[in-house]
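With these hints in hand, go ahead and build the complete structure from the sequences.
Protein chains in written order, with UniProt numbering: chain Z, 1 to 348; chain L, 1 to 315.
One thing to keep in mind: the hints can contain errors.
[Said to hold, decoys possible] Just the calculated beta-carbon pair ranges, DEER-fashion: (1) 193/L - 27/Z: 25 to 35 Å; (2) 275/L - 107/Z: 25 to 35 Å; (3) 185/L - 195/Z: 51 to 61 Å; (4) 302/L - 10/Z: 35 to 45 Å.
[Claimed, not checked] Facing chain L, according to a computed beta carbon distance under 10 Å, are these residues of chain Z, among others: (5) 32; (6) 128; (7) 132; (8) 136; (9) 153; (10) 277; (11) 284; (12) 319; (13) 323; (14) 330.
[What the hints assert, rightly or not] Quick look at which bits of chain Z chain L covers, simulated, 3 or more residues with Cβ under 8 Å: (15) 2-11; (16) 142-150; (17) 157-164.
Hints listed in this document are in silico derivations from the structure and should not be mistaken for laboratory results.
Predicted model only: the values in this text are computed from it and were never measured.
Glycine included, each C-beta is placed from N, C-alpha and C at the ideal position.
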Amino acid sequence: MRLEPIPAPSLARRAGFPALALGLTALIAMGLAALAGAAPGEVAWLVVKGAAGSKFALLETLNRATPLIFTGLAVAVAFRAKLWNIGAEAQLYLGAVATVVLGTGLLDWPAATLLPVLAVAAMAAGALALLVPTFLKTRFGVDEVVTTLLLNFVALLFVSYLLEGPLKDPMGLGWPKSEPVIDAARLPRIAEGLRLHWGFGLALIAAVLVWILQTRTIWGFEIRAVGLNLKAARFAGMPVNAVLVRTAILSGGLAALAGFSEVAGAKGNLTTDLSPGFGYTGIIVAMLALLHPLGVVVAAIFVAGIFVGADSMSRAAGVPSFIADITLASALLAMILALGLTSLRIRR
Amino acid sequence: MSELFDILLSASFWAAAIRIASPLIFAAMGELICERAGVLNLGIEGIMVVGAFAGWMAVYSGMGLWPGVAVALASGMAFGLLHATLTVPFGLSQHVVGLGITLLATSATYYAYRIALPQVNTPPKIDAFDPYAIPGLSDLPLVGEALFTQTPLTYAAFVTAALVAFVLFRTPLGLAIRACGENPAAVAAQGLPVTGLRMGAVIVGSGLMAVGGAFLTMSAFDSFFFEMVNGRGWICIALVVFGAWRPGKTLLGAVLFAAFDALQIRLQQTELGAVLPYQAFLAAPYILSILALVVMSRRAQVPAALMVPFRKGER
Numbered sequence: 001m002r003l004e005p006i007p008a009p010s011l012a013r014r015a016g017f018p019a020l021a022l023g024l025t026a027l028i029a030m031g032l033a034a035l036a037g038a039a040p041g042e043v044a045w046l047v048v049k050g051a052a053g054s055k056f057a058l059l060e061t062l063n064r065a066t067p068l069i070f071t072g073l074a075v076a077v078a079f080r081a082k083l084w085n086i087g088a089e090a091q092l093y094l095g096a097v098a099t100v101v102l103g104t105g106l107l108d109w110p111a112a113t114l115l116p117v118l119a120v121a122a123m124a125a126g127a128l129a130l131l132v133p134t135f136l137k138t139r140f141g142v143d144e145v146v147t148t149l150l151l152n153f154v155a156l157l158f159v160s161y162l163l164e165g166p167l168k169d170p171m172g173l174g175w176p177k178s179e180p181v182i183d184a185a186r187l188p189r190i191a192e193g194l195r196l197h198w199g200f201g202l203a204l205i206a207a208v209l210v211w212i213l214q215t216r217t218i219w220g221f222e223i224r225a226v227g228l229n230l231k232a233a234r235f236a237g238m239p240v241n242a243v244l245v246r247t248a249i250l251s252g253g254l255a256a257l258a259g260f261s262e263v264a265g266a267k268g269n270l271t272t273d274l275s276p277g278f279g280y281t282g283i284i285v286a287m288l289a290l291l292h293p294l295g296v297v298v299a300a301i302f303v304a305g306i307f308v309g310a311d312s313m314s315r316a317a318g319v320p321s322f323i324a325d326i327t328l329a330s331a332l333l334a335m336i337l338a339l340g341l342t343s344l345r346i347r348r
Numbered sequence: 001m002s003e004l005f006d007i008l009l010s011a012s013f014w015a016a017a018i019r020i021a022s023p024l025i026f027a028a029m030g031e032l033i034c035e036r037a038g039v040l041n042l043g044i045e046g047i048m049v050v051g052a053f054a055g056w057m058a059v060y061s062g063m064g065l066w067p068g069v070a071v072a073l074a075s076g077m078a079f080g081l082l083h084a085t086l087t088v089p090f091g092l093s094q095h096v097v098g099l100g101i102t103l104l105a106t107s108a109t110y111y112a113y114r115i116a117l118p119q120v121n122t123p124p125k126i127d128a129f130d131p132y133a134i135p136g137l138s139d140l141p142l143v144g145e146a147l148f149t150q151t152p153l154t155y156a157a158f159v160t161a162a163l164v165a166f167v168l169f170r171t172p173l174g175l176a177i178r179a180c181g182e183n184p185a186a187v188a189a190q191g192l193p194v195t196g197l198r199m200g201a202v203i204v205g206s207g208l209m210a211v212g213g214a215f216l217t218m219s220a221f222d223s224f225f226f227e228m229v230n231g232r233g234w235i236c237i238a239l240v241v242f243g244a245w246r247p248g249k250t251l252l253g254a255v256l257f258a259a260f261d262a263l264q265i266r267l268q269q270t271e272l273g274a275v276l277p278y279q280a281f282l283a284a285p286y287i288l289s290i291l292a293l294v295v296m297s298r299r300a301q302v303p304a305a306l307m308v309p310f311r312k313g314e315r
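In structure tokens form, the structure reads like this:
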């Protein structure tokens with residue numbers, strides 16, 4: 001008995017296996033709820049209600065999806081080129097730092113000029129955070145998985161230092177947090193009275209732009225070519241290292257926009273718990289979206305819904321909210337298995 | 001400067017370094033076995049969390065210390081089985097599966113902790129391993145306290161490293177495992193089961209990672225708390241590269257790294273600690289790991305088939 005690849009899988013396989021994966025994940029989640037002594041059906045209902053049961057819940061889900069769209073795009077862009085950026089967390093925080101450094105009064109400009117400058121500064125900071133591991137990869141052959149992972153810890157300690165030192169809020173009553181950014185540095189709400197800021201709009205625009213870049217430009221073609229077969233791309237005369245550097249700038253910049261949007265849009269200041277692992281969750285989002293930029297938007301909203309729904313369910317049903325994390329990790333593994341099975345069959 | 005020498009010459013400093021190195025030795029040996037067989041195991045961070053909890057929980061619910069270690073081992077092997085199934089026969093991306101295993105194992109552990117102990121504010125304690133002074137050897141100056149007055153799990157870590165080195169480099173089984181990481185087609189041509197060997201390596205390796213995690217809750221500390229593994233798994237992946245995929249060098253790397261970690265803790269108490277923020281000291285081990293990778297990566301002999309899936313009969 002062995003597995004062999006299928007050259008052109010049928011539509012039934014391509015749709016059926018991912019559907020099975022999601023079904024299996026739902027079963028696991030129900031089992032976990034039962035393990036905690038709750039009624040699985042009720043828990044599922046509470047999660048759906050908590051995520052999308054009211055206007056408030058829905059907007060909360062979209063707010064939570066915003067940073068995930070950015071980090072999901074960052075991961076999708078990098079993984080497409082087989083640049084294993086596991087450091088979206090670090091890039092997010094550096095983007096947030098840039099936003100806070102320039103946005104708390106250093107640049108006293110009107111919002112129309114200040115916000116774009118902050119976004120670009122954040123992207124530059126995030127890009128830099130990924131350029132270091134990328135340079136170590138292209139120049140010294142250092143595996144970027146380990147360096148980007150380790151830099152997450154360094155970045156968080158750096159933020160912790162800044163918040164207890166140079167960026168400390170003097171009115172913070174001893175809490176490690178930054179001063180709030182000035183009003184001109186706040187992303188406005190999408191509509192009056194609506195609890196949704198323009199970070200979400202920016203995330204949608206970013207997804208469309210990345211999609212156009214990947215499917216309609218030579219840069220996008222080169223990124224995919226390098227990811228599919230680095231040696232062939234090099235043989236075809238593509239500047240492989242330059243492509244990796246460009247990918248790193250794009251990926252790091254996108255992850256940093258999550259930090260920018262969380263500070264300028266959602267929170268207004270910087271703390272060490274700005275991101276509850278948005279960088280790592282971005283990997284799940286990107287994989288569930290099969291690395292497709294527009295799919296990232298859908299996947300991010302789905303993932304955000306699970307988190308928001310689980311939080312509210314947890315308060316009502318007493319099931320620990322970590323159930324959301326397990327469900328999503330299971331979904332990731334089930335989905336990648338489903339993708340593998342789509343193009344494999346068992347042969348005796 | 002003289003303070004630095006005082007630290008480096010004190011037995012308690014080296015005793016701490018050996019203690020800090022112990023979980024890293026277990027986990028790095030586990031990772032080394034996986035990678036020698038051709039499988040990168042990024043599940044290491046999460047598997048250490050599982051092991052830390054499973055071993056501690058077993059003892060907390062009434063089991064003995066060594067049975068607790070066995071439970072940790074088994075919990076790691078279970079996640080290793082999942083990792084191996086997805087990456088070896090199915091040949092799925094080792095990066096994505098590994099990260100998925102880490103996310104799954106970590107969240108499953110936290111969920112289990114919350115369910116098992118719903119109403120705790122301070123983490124409960126267990127009676128952890130006590131140091132055991134080896135008669136005779138522990139009376140030696142300096143090394144007596146540093147090496148021979150440790151907990152049994154630390155001795156087990158060093159024995160494990162020796163055992164891994166022996167099996168990998170002195171037995172036919174070890175040769176087959178290493179060949180799986182270099183040229184699996186040649187192993188298959190010999191009529192040996194590549195899939196079985198690779199899966200076995202990942203399962204055993206994952207078990208060792210979990211024991212590394214269990215060291216934290218059963219020997220270094222006596223309770224379980226969130227984020228206690230804190231990147232140690234990732235450090236171990238760096239240690240394997242630093243050690244050029246050789247058990248001896250990897251063990252040396254773990255001890256050097258641990259000595260540096262112990263040093264930064266002590267330096268925080270000196271005048272240097274008054275000048276530099278404490279975060280700089282805490283970040284130093286991570287930065288050191290990255291620098292070590294830069295230095296070692298150019299000369300590293302990476303297993304040729306690392307991260308290359310193998311399917312019988314395919315080229």
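Going down the list of hints, with the structure as the test:
1. 193/L - 27/Z: 25 to 35 Å: 32 Å, holds
2. 275/L - 107/Z: 25 to 35 Å: Because 31 Å falls inside the window, the suggested range holds.
3. 185/L - 195/Z: 51 to 61 Å: With Cβ atoms ~59 Å apart, the hint holds.
4. 302/L - 10/Z: 35 to 45 Å: 39 Å, holds
5. 32: OK, holds: residue 32/Z within 10 Å of chain L, min 7 Å.
6. 128: 15 Å, violated
7. 132: With Cβ-Cβ at 9 Å, under 10 Å, it holds.
8. 136: 6 Å, holds
9. 153: 5 Å, holds
10. 277: With a minimum Cβ separation of about 9 Å from chain L (threshold 10 Å), the hint on residue 277/Z holds.
11. 284: Holds, because the Cβ-Cβ distance from residue 284/Z to chain L comes to roughly 7 Å (cut-off 10 Å).
12. 319: 9 Å, holds
13. 323: With Cβ-Cβ at 6 Å, under 10 Å, it holds.
14. 330: 6 Å, holds
15. 2-11: holds (count 3)
16. 142-150: holds (count 7)
17. 157-164: Satisfied; 5 residues make the cut.
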